[in-house]
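Asker: Chains A and B, in that order, give the protein sequences. FYI, the numbering for the first sequence is 7 to 326, going by our numbering. FYI, the numbering for the second sequence is 240 to 519, going by our numbering.
Treat the hints as calculated values from the structure; they're not laboratory data. Treat the hints with care, as some may be off.
Said to hold, decoys possible - Now the stretches of chain B that chain A is said to cover, found in silico as 3 or more residues with beta-carbon under 8 Å:
1) 355-363
2) 370-383
3) 393-406
Stated by the list, open to error - Which chain A residues stay away from chain B? Per the calculated CB distances, all over 12 Å, these:
4) 86
5) 254
6) 268
7) 280
8) 310
9) 321
10) 322
Stated by the list, open to error - The following label-pair restraints were derived from C-beta to C-beta distances:
11) 145(A) <-> 327(B): 35 to 45 Å
12) 298(A) <-> 346(B): 38 to 48 Å
13) 197(A) <-> 433(B): 51 to 61 Å
14) 46(A) <-> 496(B): 34 to 44 Å
15) 243(A) <-> 270(B): 35 to 45 Å
16) 299(B) <-> 197(A): 32 to 42 Å
17) 308(A) <-> 411(B): 48 to 58 Å
18) 145(A) <-> 441(B): 39 to 49 Å
A virtual CB, placed ideally from N, CA and C, is assigned to each residue, including glycine.
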Amino acid sequence: MSFGITRIELQEGPATRNAFGDALAEAGGRDERIVVLDGDVHNSTMTGAFMERFPQRSYNVGIAESNLIGIASGLAACGRIPVAASFSTFLLANAFDQIRMSVAFPNLNVKLVGSHAGISIGEDGPSQMAVEDIALATSLPGFTVVVPADGPSAKAATQAMLERSGPFFLRCGRPKVPVVYGNGAEFHLGKATQLRDGDDVTVIANGIMVAMALDAAEGLAEHGISTRVLDMHTVKPLDTAAVERAANETRGIVVAEEHLCWGGLGAAVSMVVAERHPTRMAFVNLGDTYATSGKPDELLAQFGLTPDAIIDAARRVLKD
Amino acid sequence: MASTQTHERSRLEDITTRLRLDIVRSTTEAGSGHPSSSLSMVELLTVLYFDGVLRHDPGRPDDPDRDRFILSKGHGAPGLYSVLAEAGYFPPEELLTLRKLGSPLEGHPNMNRLAGVEASTGSLGQGLSIGIGHALAARLDGRSYRVYVMTGDGEMEEGQVWEAVMFAGNHALDNLTLILDHNAYQQTGAVDDIEPLEPLEDKFRAFHWEARTIDGHDLDAVAEAYDWARRIEGKPQAIIARTVKGKGVSLLEKEPWKWHGKPLPKEEADKALAEIGGAA
């Protein structure tokens, strides 16, 4: 896939789900407490590598997400570190009450990992596309919510998730994605990663929108516009200081994400901006509608998730 | 021998009386809550906690080897709290703080606020899955504790319960016992009129469980059922306990469909306390 990127060269890397799966299998050798529960999609979520290496600590619980979450809750209460994996929408949307009651409310150390998030899964269509999962996960008190942009940061996020105590949601995607953490950029949980500095406008993005934001920044530079790009991988707890600096030091903020407009990164950033330093903002997301089947690049273009959409949004922000 | 048995029997009967008094008093004082759903579980919990079935130590509620009791029917909280107070997890006078601001005795159990509460419940259908997590942890950690989960009968309408029943049977979790408080009524009417459960034993057996039905108010039958459950190898066990909603208070027993989630008004509570008997 091209993700509409035409102005910059980025090395193609693994899908975030693959990077997660590799990091999980590695961590399994270091920490005996890790147990994997998968809803019969381990060859999609990529927990399969762990399951093969540590069969005694792996459970395919079948297509039963509610039970999956409850079992994870009990294991966590006994000191285990359960990693509960499925397609993101089947985990968050199907088992939301179980996540609320059996994980969030008792504040248990359960790690939720959802793969196949967003519309970039392509042909399988809307039933499989998690586009409300960030709204659902961030609504839960005590949860950490992370959307990595590429392989290296997904691996770092997985390690951070397993080391941090408390409920956690890691959102992964299906397609291979360009590497944006190639030039020594470091991933720190809860801290936005500044991938490019600029003083006219800031693009705050996560997931697949980060690479597009870098491409858009290059396009804006051609028009003499200097763009700061922040990878806001951690939606919760949000790096409010980075948002405040962006609002203060640049003339406006664009938030780009592969999620519906309600309750995602855009909403989270807006709360900080409104309270700390009101400025002009624009949003690139899926709006308030479901997508369709199609090729991933076709869908991203049709539903407005492209570098050009980010460029247009930046120009709207900067217009007097 | 016979006199020892009689003495033991009367000790347990005294406990059931105290628990019933506590349930009525605490819910009437709170002005809300589920006394009738709590009264039906009294004998089941009395034998579990006070006849040497559940291995637990109120002084060490986090002991990794303790047996677990998970109240999946979280609205039975007043019953659970009465048991935990009787067992010594907290002073009995705190029972009268039920549902009040600042009290750890919340309307439904909160595991992070009260020692002895193994799971935060109240959204029905979730406790058996949580119990499976504890049972699997016992296997992984090589521990010999047992896990007891109590559900209501209306709660069996939740799909998650059957996901859990299927998993536990397929994984041969013989350290897991389900106690089904089959008091025959749910919030608005009889389970039989809303979503009949029979044949219940057959359902469990079809999912590779052992199952038996008992009179859930007969202390000897309850004790025997727990013995039976502990002896079974290779399968989880379901104890289907036929009980009476509101047991011990004739007003509640008579029209259970009118009393779900309703405490007795003060005057009725006084009559109920007298009816339950024992020293006040």
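Asker: Decide, hint by hint, whether the structure agrees.
Answerer: Checked hints:
1. 355-363: holds (count 6)
2. 370-383: It holds: at least three residues are needed, and the stretch 370-383 of chain B offers 10 whose Cβ sits within less than 8 Å of chain A.
3. 393-406: holds (count 6)
4. 86: About 6 Å separates residue 86(A) from the closest Cβ of chain B, which leaves it inside 12 Å; violated.
5. 254: For residue 254(A), whose nearest Cβ neighbour in chain B is about 39 Å away, the distance exceeds 12 Å, so it holds.
6. 268: About 24 Å separates residue 268(A) from the closest Cβ of chain B, which puts it past 12 Å; holds.
7. 280: holds (32 Å)
8. 310: holds (37 Å)
9. 321: holds (48 Å)
10. 322: holds (44 Å)
11. 145(A) <-> 327(B): 35 to 45 Å: holds (39 Å)
12. 298(A) <-> 346(B): 38 to 48 Å: holds (45 Å)
13. 197(A) <-> 433(B): 51 to 61 Å: holds (53 Å)
14. 46(A) <-> 496(B): 34 to 44 Å: Hint holds: Cβ distance 41 Å, inside 34 to 44 Å.
15. 243(A) <-> 270(B): 35 to 45 Å: Since the Cβ atoms of residue 243(A) and residue 270(B) sit about 39 Å apart, the hinted range of 35 to 45 Å holds.
16. 299(B) <-> 197(A): 32 to 42 Å: holds (40 Å)
17. 308(A) <-> 411(B): 48 to 58 Å: holds (50 Å)
18. 145(A) <-> 441(B): 39 to 49 Å: Hint holds: Cβ distance 41 Å, inside 39 to 49 Å.
Hint compliance for this structure: hint 4 is the single one not met.
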